[in-house]
Amino acid sequence: MRWLRRNLVGIVAIAVLVYLFIPIAVIMVLSFNKPAGKYNLKFDEFSLEAWANLCGVPGVCSSFVTSIQIGIVSTIVATLLGTMIAFALVRYRFRGRSTTNLLIFLPMATPEVVMGASLLALFLNLRFPLGQITVIIAHIMFIISFVVVTVKARLQGMDPRLEEAARDLYANPRAVFRYVTFPLVLPGILGAALLGFSLSFDDFIISFFNAGTLVTFPIYIWGAAQRGIPVQVNALATIVFLVALVIVLTAQYVNHRKRRALDNPTPIAADAALPRS
Amino acid sequence: MPVRLTRRSVLGSAALGGLGLTVAACGAASTTSELPSGAPTTDPEAERVVRFSNWPAYIDQAEGDEPTTLDDFRASSGIEVVYTEDINDGSEFLAKVQSPLEQGRDIDRDIVVLSEETAQQFIERGFVAPLDYALIPNAVNLLPRLAAASFDPDRRYTLPWQSGFTGMGWNTALLQERMGVDRLDSLDQFFDPRLAGRVSVLSETMDTMGLMLAWAGFDPSSFTDEEFDSTLLLLQQQVDSGQIRQVTGNDYIGGLDSGDLIAVFGWSGDVLALGEGYGFGLPESGGLVWADSMLIPVVSPNQASAASLMNFYYDPSVAARLAAWIQYVCPVQGAQEAMLDVDPELVEDPWIFPPDEVLDACYVTQALSSERTGLLDRAFDRVVST
Amino acid sequence: MVAVVPTSGVSGAPAPVAQRSSRTGYLLLFPGIAWLAVFFAIPFVTLFLTSLQQPVPGKSGRYMFGLQFSNYSDALAEYWPLFLRSFLYAGIATLLALAIAYPLAYFIAFRAGRWRSLMLVLVIAPSFASFLLRTYAWKTILSDEGFITSTLNALHLLPEGRILNTGIAVVAGLTYNFLPFMILPLYAALEKIDPRLIEAAGDLYASPITAFRKVTWPLSLPGVVAGTLLTFIPAMGDYINAALLGSTGNRMIGNAIQINFIQFRDYPTASALSFVLMAGILVLVFTYIRRAGTEDLV
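Chains as they are written, first to last, in this note's numbering: chain W, 18 to 294; chain D, 694 to 1079; chain C, 280 to 577.
Hints listed in this document are in silico derivations from the structure and should not be mistaken for laboratory results. Some hints here could point you the wrong way.
Said to hold, decoys possible - Calculated cross-link-like contacts (lysine to any residue; reagent style SDA-like; alpha-carbon spacing at most 20 angstroms):
{"no.": "1", "chain 1": "W", "residue 1": "Lys275", "chain 2": "C", "residue 2": "Leu397"}
{"no.": "2", "chain 1": "W", "residue 1": "Lys59", "chain 2": "C", "residue 2": "Glu424"}
{"no.": "3", "chain 1": "W", "residue 1": "Lys51", "chain 2": "D", "residue 2": "Asp753"}
{"no.": "4", "chain 1": "W", "residue 1": "Lys59", "chain 2": "D", "residue 2": "Ser792"}
{"no.": "5", "chain 1": "W", "residue 1": "Lys51", "chain 2": "C", "residue 2": "Thr419"}
{"no.": "6", "chain 1": "C", "residue 1": "Lys338", "chain 2": "D", "residue 2": "Gly952"}
{"no.": "7", "chain 1": "W", "residue 1": "Lys59", "chain 2": "D", "residue 2": "Leu794"}
{"no.": "8", "chain 1": "W", "residue 1": "Lys51", "chain 2": "D", "residue 2": "Glu756"}
{"no.": "9", "chain 1": "C", "residue 1": "Lys338", "chain 2": "D", "residue 2": "Phe844"}
{"no.": "10", "chain 1": "W", "residue 1": "Lys59", "chain 2": "D", "residue 2": "Gly968"}
{"no.": "11", "chain 1": "W", "residue 1": "Lys51", "chain 2": "D", "residue 2": "Glu969"}
{"no.": "12", "chain 1": "C", "residue 1": "Lys338", "chain 2": "C", "residue 2": "Val317"}
{"no.": "13", "chain 1": "C", "residue 1": "Lys338", "chain 2": "D", "residue 2": "Gly968"}
{"no.": "14", "chain 1": "W", "residue 1": "Lys59", "chain 2": "D", "residue 2": "Glu969"}
{"no.": "15", "chain 1": "C", "residue 1": "Lys338", "chain 2": "D", "residue 2": "Glu817"}
{"no.": "16", "chain 1": "C", "residue 1": "Lys338", "chain 2": "D", "residue 2": "Ala788"}
{"no.": "17", "chain 1": "W", "residue 1": "Lys51", "chain 2": "D", "residue 2": "Ser951"}
{"no.": "18", "chain 1": "C", "residue 1": "Lys338", "chain 2": "D", "residue 2": "Ser792"}
{"no.": "19", "chain 1": "C", "residue 1": "Lys338", "chain 2": "W", "residue 2": "Asn142"}
{"no.": "20", "chain 1": "C", "residue 1": "Lys338", "chain 2": "D", "residue 2": "Asp753"}
{"no.": "21", "chain 1": "C", "residue 1": "Lys338", "chain 2": "D", "residue 2": "Glu969"}
{"no.": "22", "chain 1": "C", "residue 1": "Lys471", "chain 2": "W", "residue 2": "Gln173"}
{"no.": "23", "chain 1": "W", "residue 1": "Lys275", "chain 2": "W", "residue 2": "Tyr187"}
{"no.": "24", "chain 1": "W", "residue 1": "Lys51", "chain 2": "C", "residue 2": "Ile420"}
{"no.": "25", "chain 1": "W", "residue 1": "Lys51", "chain 2": "D", "residue 2": "Glu1064"}
{"no.": "26", "chain 1": "C", "residue 1": "Lys338", "chain 2": "D", "residue 2": "Glu795"}
{"no.": "27", "chain 1": "C", "residue 1": "Lys471", "chain 2": "W", "residue 2": "Gly174"}
{"no.": "28", "chain 1": "W", "residue 1": "Lys59", "chain 2": "C", "residue 2": "Ile420"}
{"no.": "29", "chain 1": "W", "residue 1": "Lys59", "chain 2": "D", "residue 2": "Gly952"}
{"no.": "30", "chain 1": "W", "residue 1": "Lys59", "chain 2": "D", "residue 2": "Leu867"}
{"no.": "31", "chain 1": "W", "residue 1": "Lys59", "chain 2": "D", "residue 2": "Thr865"}
{"no.": "32", "chain 1": "W", "residue 1": "Lys51", "chain 2": "D", "residue 2": "Gly968"}
{"no.": "33", "chain 1": "C", "residue 1": "Lys338", "chain 2": "D", "residue 2": "Glu1064"}
{"no.": "34", "chain 1": "W", "residue 1": "Lys59", "chain 2": "C", "residue 2": "Thr419"}
As the list claims (entries may be wrong) - Label pairs and their in silico Cβ distance ranges:
{"no.": "35", "chain 1": "D", "residue 1": "Gln869", "chain 2": "C", "residue 2": "Pro438", "range": "20 to 30 angstroms"}
{"no.": "36", "chain 1": "C", "residue 1": "Glu478", "chain 2": "W", "residue 2": "Val271", "range": "26 to 36 angstroms"}
{"no.": "37", "chain 1": "W", "residue 1": "Ile264", "chain 2": "D", "residue 2": "Ala1060", "range": "30 to 40 angstroms"}
{"no.": "38", "chain 1": "C", "residue 1": "His435", "chain 2": "D", "residue 2": "Pro886", "range": "14 to 24 angstroms"}
{"no.": "39", "chain 1": "C", "residue 1": "Tyr567", "chain 2": "D", "residue 2": "Glu969", "range": "53 to 63 angstroms"}
{"no.": "40", "chain 1": "C", "residue 1": "Ala316", "chain 2": "W", "residue 2": "Ile264", "range": "50 to 60 angstroms"}
C-beta atoms are modelled at their ideal positions from N, C-alpha and C, and glycine is treated no differently.
Just need the whole structure built from these sequences, with the hints factored in.
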């Protein structure tokens, strides 16, 4: 009883973690399914068929590639723009700071359906053709804020004495940036990029409104789900999940070792995932 | 007019170029096609492609090494087919493509398959290219009963892809457990309290309301607003009492399979494809028969290729193979004979080659103006969504 | 906007390099801010204009510029129950998420030791698997013939005899999907608390409960505020959970916006609903931030 009381928080914590992973387990299990009928609806028989033939269903792989392309382009642009804003916010004085803050905060406080709808209204009014470009535009727009917040947190958490020391050693501003500031902020930027990519890759609502006839991976899933999601989708989702997990764990490990050297208190996972703290 | 770049690749590279980025991988790869990677972007035969949009699970799929009908079309014609299953709802698809079509821009689709109602809206808006029957000699195989449609009396714009029935589907074991019967014959059974919370109706207004109108004693092929409204009240009762669990699109299939739904309003081929353990039937008060149409957007740059694809699917033996897989009503004359070689068991299948008495007992729902459709859709949605 | 970023550095750390005022600052800001202005702010203006459009006479489905304020009253008259329901569902989901997330965040912050980073990774990891697929997975898990529902039914615990396609399922889906957004800010706030403060409370003979109430909880409030907002806002506008896990009677306001935009192509109504939703959320957010007294959100 005493043991229970002492460890209650831990038990609840583990239970919550397990709860978080229940649907993931279902997704993974179904990726090894061999559906009895024409629809992949429940587990019938173990099979590696989907894994051996990932593109076996028309449209799965092309939508997957589309989403990866969109994710890469949006992430690069948004990370660049967002990082610049973060530097400006932390390092420079300028007028209109509260308007700027508002403009960064609002996209995070706007429900996706409203953002998707308002952009669609804009594109319709401008008679701008919907497709890959409009989806990328939309993704960049909603990722920027998350990048700003993540990178800003990193910049603010940086020990300024490191830069001062460099200056004391007569490093010019360019060298200070290149050899001190940038390497220190980099984990934050990478974390932000990872977050940005996962937001873009997984986005359904905003994309659905602005994609026209373009089919991204989530849009494909939405459509295919009407008659049972193909096993291949589960296999691909499992791959994405594992790859992302490996990337984060590796980054964590590298960061951990660096942290010992630099005594930096922010783990990268928190960088990636703590947009607003 | 040689098209040097596919439109999509131009868009893709423009997007990247405009952003001042060079991501080499993105320019060349086509985004929705199944083209082998590394396919040249400067294909002088770029117009030898058909971009085909269809409903999910509405075409045969590869089983082992057997080529699909699409594979055969690719092989015999040398035309590449980009097949996308992205139509889940007619209005939704119209909403997606309406504005480019109004502006005369390509929508990346050369053939789309739409329900009668949506096809009508496309035709009314002038979005559809007239068919060039010189390129579709097989069109003579169209079943006579489908030769005219209310929205397209001379089949100037559309050819049926598949025809089918709207009726009731059920999970036989669970039906037996709850009701002690192994089939449903009427909507009175469908709305039996023993099935409370385990039945679904369709989100397409006229599919659900067509069955309901017939049940209420009205004629779904010709009804007044008052009749519609009073039938809607019957539906309202079933929603309010909790009898109806869900209003579904194609996803009732999942519900039937998992057992969450015991009986559904559904479409013949979908339910039949579930196989053993499930049943499909038409209510005594009358089922609905319909035909989904293939049409070519007027903006399509590949109309000739699209026409040859239509021609291909009007070949009786191809039609038989398709019908054997998806189990909808085959619109092609001669397919029944051809079925002997494909799957002899299906030659007499009443759901693929329905006898006249089955067809006679069914209604074709009334063609409505866009405006009236809009009003009825809203009224229907109000009942099922609040 | 209330929130103002501290003008120099973070508390605790020595003040960083004096902020420079130069063209560089504006140059750094410009591209990103321009992007947000063009693709976020301007769409709001068009959304507002669209919400006031009137139908073109004689052409159904076409709209033109107008000042049709009745679009708002009509939309609200028809859809106010959905606003109310969304508020209710999102509110319950937020409270549930808080109750579930707090112990986990607390454990990670104070007890996890060297497992801390790994546990944080595990918290965000589920987000790497598609949001839609996870929601479909819940559909499988909560199925009528599934283990959970049949067990609860055997115990006669389900008033409707099912979970799937009820309000319970929708709230459960919302809670699950936005849970990481609750855990992480909570963790960030808890992690900043000096454990010695809690120990000190113990030394002064405060019971663990009193110590929690008087020390831990108040100090974690910024995280609670951030977490509840981050959960509530997306939950309020969501329509996927209601569409997949709900029934006819569980639609939320997001569903109404979606159906009016995409299915009915009634852009004015959809825009009016979006605008009201957005305005409502902003009012809630700012009142809440004021009340909770945390202004450092951005």
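Going through the hints against the structure:
1. W:Lys275 with C:Leu397: The given pair, whose Cα atoms are some 16 angstroms apart, holds under the 20 angstroms limit.
2. W:Lys59 with C:Glu424: Given that 20 angstroms is the threshold and the Cα spacing comes to 12 angstroms, the pair holds.
3. W:Lys51 with D:Asp753: Given pair Lys51 (chain W), Asp753 (chain D) holds - Cα atoms ~18 angstroms apart, limit 20 angstroms.
4. W:Lys59 with D:Ser792: Outside the cut-off at roughly 40 angstroms; violated.
5. W:Lys51 with C:Thr419: Given that 20 angstroms is the threshold and the Cα spacing comes to 17 angstroms, the pair holds.
6. C:Lys338 with D:Gly952: It is violated: about 45 angstroms lies between the C-alpha atoms, which goes past 20 angstroms.
7. W:Lys59 with D:Leu794: 40 angstroms, violated
8. W:Lys51 with D:Glu756: 13 angstroms, holds
9. C:Lys338 with D:Phe844: Since the Cα atoms of Lys338 (chain C) and Phe844 (chain D) sit roughly 19 angstroms apart, the hinted pair holds (cutoff 20 angstroms).
10. W:Lys59 with D:Gly968: 15 angstroms, holds
11. W:Lys51 with D:Glu969: 17 angstroms, holds
12. C:Lys338 with C:Val317: Roughly 31 angstroms between the alpha carbons, so the hint for Lys338 (chain C) and Val317 (chain C) is violated.
13. C:Lys338 with D:Gly968: With Cα atoms ~46 angstroms apart, Lys338 (chain C) and Gly968 (chain D) exceed 20 angstroms; violated.
14. W:Lys59 with D:Glu969: Answer holds: Lys59 (chain W) to Glu969 (chain D) is near 15 angstroms, not above 20 angstroms.
15. C:Lys338 with D:Glu817: Distance of about 12 angstroms is within 20 angstroms: holds.
16. C:Lys338 with D:Ala788: Given that 20 angstroms is the threshold and the Cα spacing comes to 16 angstroms, the pair holds.
17. W:Lys51 with D:Ser951: 16 angstroms, holds
18. C:Lys338 with D:Ser792: 15 angstroms, holds
19. C:Lys338 with W:Asn142: 18 angstroms, holds
20. C:Lys338 with D:Asp753: 40 angstroms, violated
21. C:Lys338 with D:Glu969: Status violated; Cα separation ~49 angstroms.
22. C:Lys471 with W:Gln173: 15 angstroms, holds
23. W:Lys275 with W:Tyr187: 25 angstroms, violated
24. W:Lys51 with C:Ile420: 19 angstroms, holds
25. W:Lys51 with D:Glu1064: 46 angstroms, violated
26. C:Lys338 with D:Glu795: OK: Lys338 (chain C) and Glu795 (chain D) at ~14 angstroms, within 20 angstroms.
27. C:Lys471 with W:Gly174: 13 angstroms, holds
28. W:Lys59 with C:Ile420: Distance of about 11 angstroms is within 20 angstroms: holds.
29. W:Lys59 with D:Gly952: Holds, at about 11 angstroms.
30. W:Lys59 with D:Leu867: 17 angstroms, holds
31. W:Lys59 with D:Thr865: 17 angstroms, holds
32. W:Lys51 with D:Gly968: Holds, at about 16 angstroms.
33. C:Lys338 with D:Glu1064: 9 angstroms, holds
34. W:Lys59 with C:Thr419: 8 angstroms, holds
35. D:Gln869 with C:Pro438: 20 to 30 angstroms: The hint (20 to 30 angstroms, Cβ to Cβ) holds, given that Gln869 (chain D) and Pro438 (chain C) are roughly 27 angstroms apart.
36. C:Glu478 with W:Val271: 26 to 36 angstroms: 34 angstroms, holds
37. W:Ile264 with D:Ala1060: 30 to 40 angstroms: 55 angstroms, violated
38. C:His435 with D:Pro886: 14 to 24 angstroms: Holds - the Cβ-Cβ distance for His435 (chain C) and Pro886 (chain D), about 19 angstroms, lies within 14 to 24 angstroms.
39. C:Tyr567 with D:Glu969: 53 to 63 angstroms: Hint holds: Cβ distance 56 angstroms, inside 53 to 63 angstroms.
40. C:Ala316 with W:Ile264: 50 to 60 angstroms: 33 angstroms, violated
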